[in-house]
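Trainee: These are the residues of each chain, in order.
Protein chains: 2
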Amino acid sequence: MKAMEEKILTSGKVLPGNVLKVGNFLNQQLDVNFLTEVGKEMARLFADAGVTKVITIEASGIALATLTAQALGVPAVIVKKHFSANQSKEVYTATIDSFTHKNSYTAVVAREYLNEGDRVLIVDDFLAVGNAIRGLQKILGEAGATLVGCAIAIEKAFQGGGDALRAEGIRVESLAMVESMSDDSVTFRR
Amino acid sequence: MKAMEEKILTSGKVLPGNVLKVGNFLNQQLDVNFLTEVGKEMARLFADAGVTKVITIEASGIALATLTAQALGVPAVIVKKHFSANQSKEVYTATIDSFTHKNSYTAVVAREYLNEGDRVLIVDDFLAVGNAIRGLQKILGEAGATLVGCAIAIEKAFQGGGDALRAEGIRVESLAMVESMSDDSVTFRR
Chain A
1 MKAMEEKILT
11 SGKVLPGNVL
21 KVGNFLNQQL
31 DVNFLTEVGK
41 EMARLFADAG
51 VTKVITIEAS
61 GIALATLTAQ
71 ALGVPAVIVK
81 KHFSANQSKE
91 VYTATIDSFT
101 HKNSYTAVVA
111 REYLNEGDRV
121 LIVDDFLAVG
131 NAIRGLQKIL
141 GEAGATLVGC
151 AIAIEKAFQG
161 GGDALRAEGI
171 RVESLAMVES
181 MSDDSVTFRR
Chain C
1 MKAMEEKILT
11 SGKVLPGNVL
21 KVGNFLNQQL
31 DVNFLTEVGK
41 EMARLFADAG
51 VTKVITIEAS
61 GIALATLTAQ
71 ALGVPAVIVK
81 KHFSANQSKE
91 VYTATIDSFT
101 HKNSYTAVVA
111 REYLNEGDRV
121 LIVDDFLAVG
131 NAIRGLQKIL
141 GEAGATLVGC
151 AIAIEKAFQG
161 GGDALRAEGI
171 RVESLAMVES
181 MSDDSVTFRR
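As given, the protein sequences belong to chains A and C, one line each in that order.
Our numbering numbers the first residue of the first sequence as 1 and each following residue consecutively.
Our numbering numbers the first residue of the second sequence as 1 and each following residue consecutively.
Please keep in mind that the hints were generated in silico from the structure rather than gathered at the bench.
Don't take each hint at face value.
One copy or any two copies: either way a pair holds, since identical chains are not told apart in the list.
[What the hints assert, rightly or not] Capping the alpha-carbon separation at 25 Å, the derived lysine-lysine pairs in BS3-like fashion look like this: (1) Lys81 with Lys21; (2) Lys81 with Lys13; (3) Lys102 with Lys81; (4) Lys81 with Lys2; (5) Lys2 with Lys102; (6) Lys13 with Lys138.
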C-alpha cells in the first residue's frame, strides 16, 4: 500500500535499536481517517477468504482490528495480555515473548469467542519476529478455528518473522515492508 | 441510547462483585457493527462541542474511541498504562487506581499529542468511581487542553463517579446508566 509507505516516510522516525516510531498516526495518536482506509485495504486483500472474525492481541492493534472488522462486517476478538476480574475461567492461553518490551506474557481469550469453523484473520500494527502470531496460531489451533492469514500494517522484513510464516504456507499481507532502516532513511521491499 | 440498554439486557451478564460482563459485544469480542452505531451516537451528542481530539486509556476503550473519532473526523489519542521502549521522554503522567483490577498504574502520554487549545472528548467503555477520568482530567489540565466532556458506553450510576463529575460541571453522557444490578436483573436510570 503506497499510502502506508508514504506515511512512514513523512511521519515516522527511526530511533536507536531498530525502533520505527510511528506513534503519531498508528498506535499512540491515531490518524483515524487514514486508518479507516488501511482497514478497508486489509479487508479488500482478504475479501474472498470467507473471514468470520478478526483477532488481535491488545493493545496497539485494536484500532486496526476494529476498522478491518468494520470493513469486513464481522466481529473482532481482542486477546488480553493478562487475566482480569471479568474474565471467564474457560480460556485458551499462549505464552508469548515480546520483542518490543523484552519480556514474556500470557495471552488469554475466553473460549466462547472462538468456535470450530471460524475463519480468522489476524490483524496487527507490526510484525517483527512473529512471536505474537505464533501464539495466536496456537490458540486458533486449540479452538479448531482456521487461520486464513495475517494483515499487518508494517512488517520489519529484516527480522525474518514474515518470511518464516510465508515459508510455512501462511498468507501474510503487509502494507509496508521495511527492508532496512538507518538514522536518516527507511528502505522498503517491493 | 435505547439500543445500548437492550444490548445489555440481551447480551450482558451480572457476575458476583457487581461485575457487569459485556465481553461478548463491548470489550473482548467486539460487535463492530453495533459499536459503529455507538460511536456515531457519541459523536452526535458532542457534535457542537468543537472536539479536536478523542482520548482514552488503553485498552478496553480503544475500539469505541476509534469509532467515535471516526464519526467526528478527528484523531484519537491512546494513553498508555506503562512506559514503553518507543515512548518519548517528554510525557504527561497520572497515577490512577483501577477499580476493576484493584491496583494502581501510571497513565502516560507523549506531550506532543496534546496541545494547548485542543478540545478533548474522553471516551470509555465503563464509568464507575471515575478514577480514570480524574487522571485524564489532570493530564489535560497540564497540557492546557480543554475537557469538553465524557462519552461513556455504560455508567454504573450506583457507584457515584458520574454524578460527582456532573456536580463539578463536567458534561458526562452515558449511553446506559445502570442504577442497580442483581443476579437476574439490571435496572436503568432514565
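Trainee: Flag every earlier hint the structure violates by its number, smallest first.
Mentor: 4, 5, 6
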